[in-house]
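Undergrad: Let's have the full structure, built from the sequences with the hints guiding it.
Each protein sequence line maps, in turn, to chains A and B.
The numbering of the first sequence is this note's numbering, which starts it at 604 and goes up by one.
The numbering of the second sequence is this note's numbering, which starts it at 128 and goes up by one.
Accuracy of the hints is not assured; some may be wrong.
[What the hints assert, rightly or not] Here are some of the chain A residues that sit facing chain B, going by a computed Cβ distance under 10 Å: (1) Gln-616; (2) Leu-645; (3) Ile-724.
What the hints contain is simulated information worked out from the structure, not anything from laboratory work.
Idealized CB from N, CA, C, for every residue including glycine.
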Amino acid sequence: MSQESLTPAELLQQRNRRTGMTIFQISWILVFVCLVIVNWQLRGNHPSWPPPGVSSPSALLPGLVTLGLLASAWLARAATRDLAAGRRAAFRRQWRAALGLGALFVLVMAYEWLSIPTSGIYSDVFRMMTAFHLLHALAIGLFMSMIARGADAGRVSAQNLWPAEGATSLWYFVVVAWLLFFPVLYLI
Amino acid sequence: MATITATPGLGTRSAEGAAIRAADLLRWSLDHKVIGLQYMASSLFFFIVGGTMAMLIRWELLTPALDLMADGTQYNALMTIHGSVMIFLWIIPMMAGFGNYLVPLMLGAKDMAFPWLNAFAFWLIPPAGLLMIAGWLVGPPEAGWTAYPPLSTLFSPDGQTMWAMSLHLLGVSSILGAINFVVTIRNMRPEGMTLWKMPLFVWAVLATAIIQVLATPFLTGGLTLLILDRTAGTSFFDPGSGGDVLLWQNVFWFYSHPAVYIMILPGFGMVSEVLAVHARKPVFGYRAIGLSSMSIALVGFTVWAHHMFTSLQPALRIPFMITSMIIAVPTGIKIFSWLGTIWGGKIRFTAAMLFALGFITLFVFGGIGGIFLAAVPIDIHLHDTYFVVGHFHFVLFGGSVFLIFSGIYHWFPKMTGRRMNERLGQLHFVTTYIGTFFTFVPQHIAGALGLPRRVAMYDPQFTNINTVISLAAFLLGISSLIFMYNILRSLNHGERVGGNPWRALTLEWATTSPPPPWNFRGDPVPFDDPYGYGSDESGAYLDAVDRRFPAPEESAGA
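TA: Structure below.
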């Protein structure tokens, strides 16, 4: 729906929603920043990290699904643009692809969570951070799948774009939060 | 001038012209005025709960031995829940209540940006309060409101977990409420109301909301770890298993020091309004007050470790001492601006004004105590003594609570259409001022002499000073009863008022008292300068408001 066709009240509502989402993203990402700081402070107390006797997990598979996660964000963005332009088939195709990549990420990270050996503080931090992120990815992924069903039923459309736009913003959030965590958990 | 309008949401709203009834406060409503009053009513309830606990604490401390409590553990639980209730369920939500009620009115808007989210944020508070207090059923939290591990992880029963879950809910409520404020203030100001023409209360709410949005996530992170340590067998705060107790202190104070400003900044905004209106003078240094709110919000993020001087790496003490001293500067700017505002004014000694003036005197005293504690050598001597208790009660009771009282006397007529009884208000002020002074000044002295905080039994040499403190605290309890009686009495028997009984220039007064469901009939016209008292133009504007929204007697005669 074009901006010109919106009433002043609808324009204000759109502006409010976008501003509110941005502020929410800034605020909630700080929980993830807090957990990164927790990781730093805890590892700073140890001469080596992981502590002696604990092997660090391979970054290969998580790295690949991280690329998939980035691609899913791009697909969600493209899908929302298609929906805004009234191209519903293209929306459905790209949205479902984004969901598929998101689901793959969740599955791989759940496997990582389960496979890391229990080894005291290192695995505590690793599991806490990955689980915290996974919960967000799962919740927002479920929301995105509801949007897909809503689009199929015609409830989400160019005339009612905000659910898709909001879900895409939340998916960006999942991606940015993971980009904060991934280097701390696997690379540094 | 056009008014920007939020899209009306679904949900109950009071009928046109009808005052909000007590039963409305128990219902789901999207009306920001109802939600504001819900915040205030629930906060007053928790004020009574926390205040009763304070009375029990002071009763216990009348003598050096255990009197009321069976053991020190019961005392620990009592002071933990007293502190938590007063901070998280009384002062912070009460400030949110004022913000919810007043911000849309002051902006000439019909509601907040997100009415549903607004209601949801409020309705998280009752279950959170229930969780906190219900902890008593499973073994209450005993680690103090600061919940330092290992006290909160190894030595506190299951109520500590409920305490943490309660704070989680309150944190989410706080963030959602703050998002609503920022969006409302940014997007819904009327045409012509630039940032530099906003009422100072709105400036203060904006600064507070920024703090809430940026600081509360750290509390969320810390609480998540605390709950995991208590329930999932992790060891984030257990040094024996590779964790770190200082981790909690850092994360907790990174939120909780800014939280001090969450508790006081909206009050700073209120006092700016009250002083100007009741002194009939323009605010002195409008921009300085607005910017100092933002400075406090910003610098407030750099001082958290002054709560940890005794546990902090020594090299970090001086930097945090300096930032803690610096934050006194914007606060001092406000004090000077307020003094400049009342200087030469035609002061009306209403109850609202008395509490505002009382606040200035007490807050200066409490602030100076803060400078003492910001200085590393003195803080190390005074750490964990009653000096600290005296200081933060002085700034929270003499500061935040005095401002809440001032705000209630000032805006009660707008919210209810009736004025509170001034004579009772003055009695409330006198008893509260004397009670505050003689409760919290002797605590500074006792602390300087070495009386440790958070103990139920103490050295008999402190008996006399504790007796004075307890008696003064009981006077505070009585003064609070006077206040409650005044509220209840005035709800039914207070003098009826028109739209603008104080002849104030901000927009919330340019409508009926109480305002109609969508706040204004037609588009409100803000006066160009919200503090332009004393000019002919402001007099003409106020006369026009009086004619449009007269007191009921006048309208009956008209």
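Undergrad: Classify the hint on Gln-616/A as holds or violated, based on whether any CB of chain B lies nearer than 10 Å to its CB.
TA: Hint on Gln-616/A: holds, closest Cβ of chain B at ~5 Å, below 10 Å.
Undergrad: Mind checking the CB of Ile-724/A against every CB in chain B and telling me if the closest is under 10 Å?
TA: Holds: closest Cβ of chain B sits about 3 Å from Ile-724/A, inside 10 Å.
Undergrad: How about Leu-645/A: closest beta carbon in chain B under 10 Å, or not?
TA: holds (6 Å)
Checked against the numbered hints above, the structure violates none of them.
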